[in-house]
Amino acid sequence: MSQEILRIQKISGHAGTVPGEDTQREYKVSKLIDTTTCIGCKACEVACMEWNDLPFGETVFNNTYQTMPETRWNYWNLILFNEHEREDGTLMWLMRKNQCMHCAEPGCLAACPADGAIVQYTNGIVDFQQANCIGCGYCITGCPFDIPKMNPKTNRVFKCTLCTDRVSEGLEPACIKSCPTGCLHFGSKDDMKFLAEGRAKQLRDHSNFPNAGVYDPPGVGGTGVIYVLHDATRPELYGGLPKDPRIPWTVKLWKGPLKWLGNVAMVGGLIGLFVHYLRFGPKDRKDEDIHPGGEKS
Amino acid sequence: MSPSEQIIPHGHVLRYTLKERLTHWVAAGAYIYLLMTGLAFWSPWLFWVAVILGGAPLSRMLHPWAGLIFFAAVWNMYVMWAPQMKHTDVDKKWWKAVRYYSTNQDDKMPPAGRYNAGQKFLFWGFFWSAVALLASGVVLWFPERIPWNLRSLRYISVIVHPAAALFTIGLFLIHIYMGVFAERGAFGSVIRGDVSIAFAKRYHPGWYKEIVGDSSTPRK
Ligand code: HEM
Ligand code: SF4
Ligand code: SF4
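Residue numbers (the numbering used here), protein chains in the order written: chain X, 1 to 297; chain H, 1001 to 1220.
Only chain X is shown next, with the shape it has when bound in the complex:
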């Protein structure tokens, strides 16, 4: 977790391989969010705004705790509240800290056409480089978590950076630092996974949450943000966390087979027409004088 963070592992829209690919390996980093000990205090939201210098947006009130419905281009970290009624009729607060998941296979990056507008560092952090962004919004379509948000004034897309600037200096992300209950942890992916599984086991064995488990969706290769959920079989209850997130298959088709087919067809078409001209030439012959300027009819 040193300066090595600036080593790139994946890069969007780049003609050719990743510069300096795999010359050095690093631990994958991960953020662990234990939703079972989150109290919805929003300290992490404030810490994110503070560290990243983001303004507080306008709030709405509709008789719930959800005073801001979703993340914004300048509001990257949001607690989603759900008042969940259990089978026995009792009420349960489900609170989830929502932000970029830092997918191992990021759909945003796969969709992005601009050279280097989205990179994934060797430690797993997915970072947007606004200087290279062209504002096409393809990343919005590629992301299965609805995370990238467009600044309508500058047409650039923003999201949680996992505090790349802090992590590269050996610090933990600002949100982690602020959490009063200790439900947020930061470290290597392996360590966080170990911690999370331990906590889930504890919930299953001692706290009457037989479905407790860890959310680290394999459809996107695992994520750099993992959750402990009381009920891992129903992640949708937690602010619409997708059960089996994947890069949309049309995005894969578009960036995969369609690209190759299209390129082969275009180059093949050009060559085909050229060969046709060599073989058959123009339809009229000079001696027939059929083109304009010719008087013979």
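Calculated directly from the structure, the hints in this document are not laboratory data.
There could be a bad hint or two in this list.
Taking lysine to aspartate or glutamate pairs in the EDC-like style, the calculated list, with each CA pair at most 16 Å apart, reads [unchecked claim]: (1) H/1201 - H/1107; (2) X/153 - H/1144; (3) X/149 - H/1144; (4) H/1096 - H/1107; (5) X/177 - X/190; (6) X/10 - X/115.
Computed from the model, here is a short list of chain X residues facing chain H with C-beta under 10 Å [said to hold, decoys possible]: (7) 70; (8) 111; (9) 132; (10) 135; (11) 146; (12) 149; (13) 164; (14) 177; (15) 179; (16) 180; (17) 245; (18) 276.
The calculated label-pair distances, taken between Cβ atoms and stated as ranges, are [unchecked claim]: (19) H/1102 - X/221: 47 to 55 Å; (20) X/62 - H/1068: 32 to 40 Å; (21) H/1093 - X/151: 24 to 32 Å.
Backbone N, C-alpha and C define an ideal beta-carbon position, used for all residues, glycine too.
Let chain X serve as the given structure and place chain H with the ligands on it in line with the hints.
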């Protein structure tokens, strides 16, 4: 289309009015810009094209607007030409004989009207592609405005837009090949508006008969 609108050189007939030619070139200009900027975002190997055209963010900003111009021009073509582009019995025969057409044995082709069946196919191909490109292009224009529960619109559009674009690229290549290289005289018709009588007789005998009339001698 009245020939008296324009001065036609000796031995020529008017094929495209000024309005038709202008519409053609508005569509062509917009299309070529759309093609270049679109391909720049299609492949990282062509991204430099957008850089040359004033930068990728500018290309991203202008591409949809050029799309609107393109669509307006295509729509205008539809209004002007759709009745002439109807599929006829001659067209059926034309498709059956298309191998003679593509091997320059035009004397074996059934007599085409103002447009042969291939040109009609090109027209309808471009027209329906333009509709698909507009519909999917508008979704791609404002992805952030599409609500999350309608996201399948975005997923469809990222396939429909490039697929329709690729289809038009195929049509476009053949169109350029025919108009510039294979059928000499066709290019001039969309610049100056006229073709030689020999050209009209050879490639569009049905049309030629129509404009000069069966009995009359060719207009000199
Ligand atoms: C008819 C109205 C059209 C609209 C509103 C429209 C809009 C868009 C938008 C918003 C994008 C996303 C990125 C960008 O701006 O480049 C796009 C991409 C693209 N457009 Fe269009 N467009 C239109 C017509 C066309 C036409 C006629 C072509 C023909 C070549 C074309 C080819 C492309 C291509 C190749 C892409 C990139 C697809 C990819 O990234 O895989 N578009 N278009
Ligand atoms: S959550 Fe979305 S924005 Fe974040 S890395 Fe995954 S695909 Fe990209
Ligand atoms: S809007 Fe998203 S996909 Fe488009 S260039 Fe910017 S980061 Fe890449």
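Hint check results:
no.	hint	result
1	H/1201 - H/1107	holds (11 Å)
2	X/153 - H/1144	holds (13 Å)
3	X/149 - H/1144	holds (7 Å)
4	H/1096 - H/1107	holds (14 Å)
5	X/177 - X/190	violated (20 Å)
6	X/10 - X/115	holds (11 Å)
7	70	holds (9 Å)
8	111	holds (8 Å)
9	132	holds (9 Å)
10	135	holds (6 Å)
11	146	holds (5 Å)
12	149	holds (7 Å)
13	164	violated (23 Å)
14	177	violated (31 Å)
15	179	violated (28 Å)
16	180	violated (31 Å)
17	245	violated (12 Å)
18	276	holds (8 Å)
19	H/1102 - X/221: 47 to 55 Å	holds (49 Å)
20	X/62 - H/1068: 32 to 40 Å	holds (38 Å)
21	H/1093 - X/151: 24 to 32 Å	violated (59 Å)
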